[in-house]
Amino acid sequence: MMRGMQTLKALVLAGACVLGAAAPALAVQPDEVLADPALEERARVISKDLRCLVCRNESIDESNAQLARDLRILVRERLVAGDSNVQVVDFVVDRYGEYVLLRPRTSGTNILLYAAGPVMLLLALGMGFAYTRRRSQARSATERGLSAEEQARLSEILKE
Amino acid sequence: MIIELGHFALILAAVTALVQAIVPLIGAQMRWPGWMAVAEPAAGVQFVFTLFSFAALTYAFVTSDFSLNLVTANSHTLKPMLYKISGVWGNHEGSMLLWVLILTLFGACLAWFGGNLPPGIRARALAVQGSVAVAFFAFILFTSNPFERMEVVPFDGRDLNPLLQDVGLALHPPFLYLGYVGLSMAFSFAIAALIEGRVDAAWGRWVRPWTLAAWVFLTIGIALGSWWAYYELGWGGFWFWDPVENASFMPWLLAAALLHSAIVVEKREALKSWTILLAIMAFSFSLIGTFIVRSGVITSVHAFANDPERGVFILAILALFTGGGLTLFAARASAMEAKGVFGVVSRESALVLNNILLAVSCFVVFIGTIWPLVSEMFFDRKLSVGPPFFNMAFTPFMVLLGAILPIGAMLPWKRAKLDRVVKPLIPALVLALAIGGLAWAMQSGRSLLGPIGLFLGAWLVFGAGVDLMSRTGRGAVTERLARLGRLPRADWGKAVAHAGFGITMLGVAGLMAWEQEDIRVAQLNEPYVVGKYEITLEQVREVEGPNYLSTMADIRVRQDGREIALLHPEKRVYPVAGMPTTEAAIDYRPMRDVYLAIGDAQAGGAYTVRTYIKPLTNWIWLGSALMALGGCLSLTDRRYRVAAGARKAPKAGVPAE
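These protein sequence lines are chains W and E, in that order.
Residues in the first sequence are numbered consecutively from 1, following full-length UniProt numbering.
Residues in the second sequence are numbered consecutively from 1, following full-length UniProt numbering.
Calculated from the structure, these hints are not laboratory results.
We put the CB at the ideal spot given by N, CA and C, even for glycine.
Don't take each hint at face value.
Pulled a few chain W residues facing chain E out of the computed Cβ check, cut under 8 Å [to be verified]:
hint, residue
1, Ser59
2, Gly82
3, Ala124
A few chain E positions that, by computed beta-carbon distances, are all more than 12 Å from chain W [said to hold, decoys possible]:
hint, residue
4, Glu245
5, Leu271
6, Ala338
7, Lys339
8, Val344
9, Leu431
10, Leu449
11, Arg486
12, Ile519
13, Gln602
Residues from chain E that face chain W, not an exhaustive set, calculated with beta carbons under 7 Å [to be verified]:
hint, residue
14, Val48
15, Phe52
16, Phe363
17, Val385
18, Gly386
19, Pro388
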């Protein structure tokens, strides 16, 4: 249901963009596909990392929206014009802003995003190791004998 | 009339919950048995009232009572009966009612079946459960009343969102909610233990079945949602790392961590405070999930600002329970001293590693999900975090987890020798390496994704088999096989769930590494070839469904000249909702799916057709089903049924403790 709500929103937005058509178009259309398979492959790779701006969390490769189609065509035009993958992405980001990237750039404050996982893992491993070390050096409960509470509980059981 | 009674029952349930939240808590503190005993009947009564209220709403949907705002907005007389019923929770108000219904159901189960718990713990846990219920009853009654009437009654409704008119999606929310809300039990037990100041092996044993059940429901719910996305959205993706998906995935990861760490508490009385913390966090993530989905804050900050009432309310609930729980934890956790002693190489330490990987991977998903919000709010940088980031940041954790799991699962408790554990696993390792290597040699690309995924999946499956066999002791192979059937259900559950995890990995790896795609304008009766298959678009018809119009294609699939399937992908339009949907047609096979979707009409009677060959895809859901089955097997283990280790209820006059 949750995906449904989200897709609903995407579809409503998409529907608003598709010119007069009630039926959904399916993402990449045959007429967009480039003749050169190598270029087309690169276009697909690039489009998977670009966001459809009027959709919710869909790449332009998956989206049915007219804007996504325009962007797919734009990407292919730049590739045919001889741009490298990086140049194409920069071209799109210049026009639509960083928001268009599904894989955020590793610059500036985004370093926090990328570092969060590895740093947390190292911290957790350190803490886990320290804990395990402590447990392996602790004296076992049997050596310590019973606590007063346990002693009381034991006698309670024995009485039963 | 029934509607008003339903509304009234909801208010009564809320009042009962309020009593249940306060009286038993005071009773447990003052050791007044009478006050503590209020909890059980209150939980039962609360459930019955909520059930009546839910039944009243269902009745309104089934009889298409369009005097109800909610029914008008989400139903239609022509809609099939199944979707009239599922329409009850296919909207905000109704789904929140389902949420509290399940919450009260769990509370009632604790009251009915918790007879072997010490009265103090039971009264406190039920009181906490009651306070969660109060918060959500208030949320429904004050911000999302499902029983609101229309001023003018229309002739017919506006129909349920067509995407929700589907069997998989009809069942998806109830299962997900059973999981989310099931974690509230772990939370209630954790808070009760913190108030009581004592966590022991018995506590681990009580909390584990609830966690396990919640995890099983979450697994089923998530798998259903992902399967639905696969066949419904028209290009066969199964996971999109969307905020609402992540909202259900984070509690799943933490519940998986919790049900493993609770074993350590149960068997070895270690990891106590960590397990309590996990129980608090797992439920908090359920609340965060509810907040994300219900407030719309992640979609856009502006969507939140437009209708802040509900979002702020849930945020307050979240702050109250998470904040309260963590404060209590900070104050009392030091009282929980670990007892078990174990070596650096032991089952305990392997489970610590399991918990680290699951918890940190959950943290990574969390950071990725909220980063766009954080970045916009604090750094004024509007950006997106999508699947490419999550695939890159999350996958390594699952690879590590899969790599160590078979070894960790076989390590003995307390102190282990690594070489003795690894020795019986060597054949499994060699076989898995061979499978991975074969995949590497046979594929055309240079990608490591497929071979590594295949290796890990096979390693997990074979490892689970070796683990199970190792439990049968010594002797001839036939004898040991005979003993397999008599192993405790918990052993079977563990092996089946771990193998299921491996099978899901196989499926994910197969689909992501070796999918084939073909997009073209297909002329009628002109066959074309995709991979090993010959596809022919034979006919396109207009078909009328109960509440939709469909453009349906007949597409024949042949392999080596032999027909293997006649598929009917559709494009539907639901006139009332004014919305189109695609219905992909899939030939499900064990080793691959042929997946067809039809697009727009082209000149000369041709149609756009998308063809996908998706290797091993079904294994994703087969593995999920096995994980859920493993959980169920564990739940039926004898030690939960005989309630061993439970304390006898103290005799009258003895202070309850």
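Here is what the structure says about each hint:
no., hint, verdict
1, Ser59, "7 Å, holds"
2, Gly82, "25 Å, violated"
3, Ala124, "4 Å, holds"
4, Glu245, "7 Å, violated"
5, Leu271, "8 Å, violated"
6, Ala338, "7 Å, violated"
7, Lys339, "5 Å, violated"
8, Val344, "5 Å, violated"
9, Leu431, "30 Å, holds"
10, Leu449, "14 Å, holds"
11, Arg486, "31 Å, holds"
12, Ile519, "6 Å, violated"
13, Gln602, "8 Å, violated"
14, Val48, "26 Å, violated"
15, Phe52, "24 Å, violated"
16, Phe363, "5 Å, holds"
17, Val385, "6 Å, holds"
18, Gly386, "3 Å, holds"
19, Pro388, "4 Å, holds"
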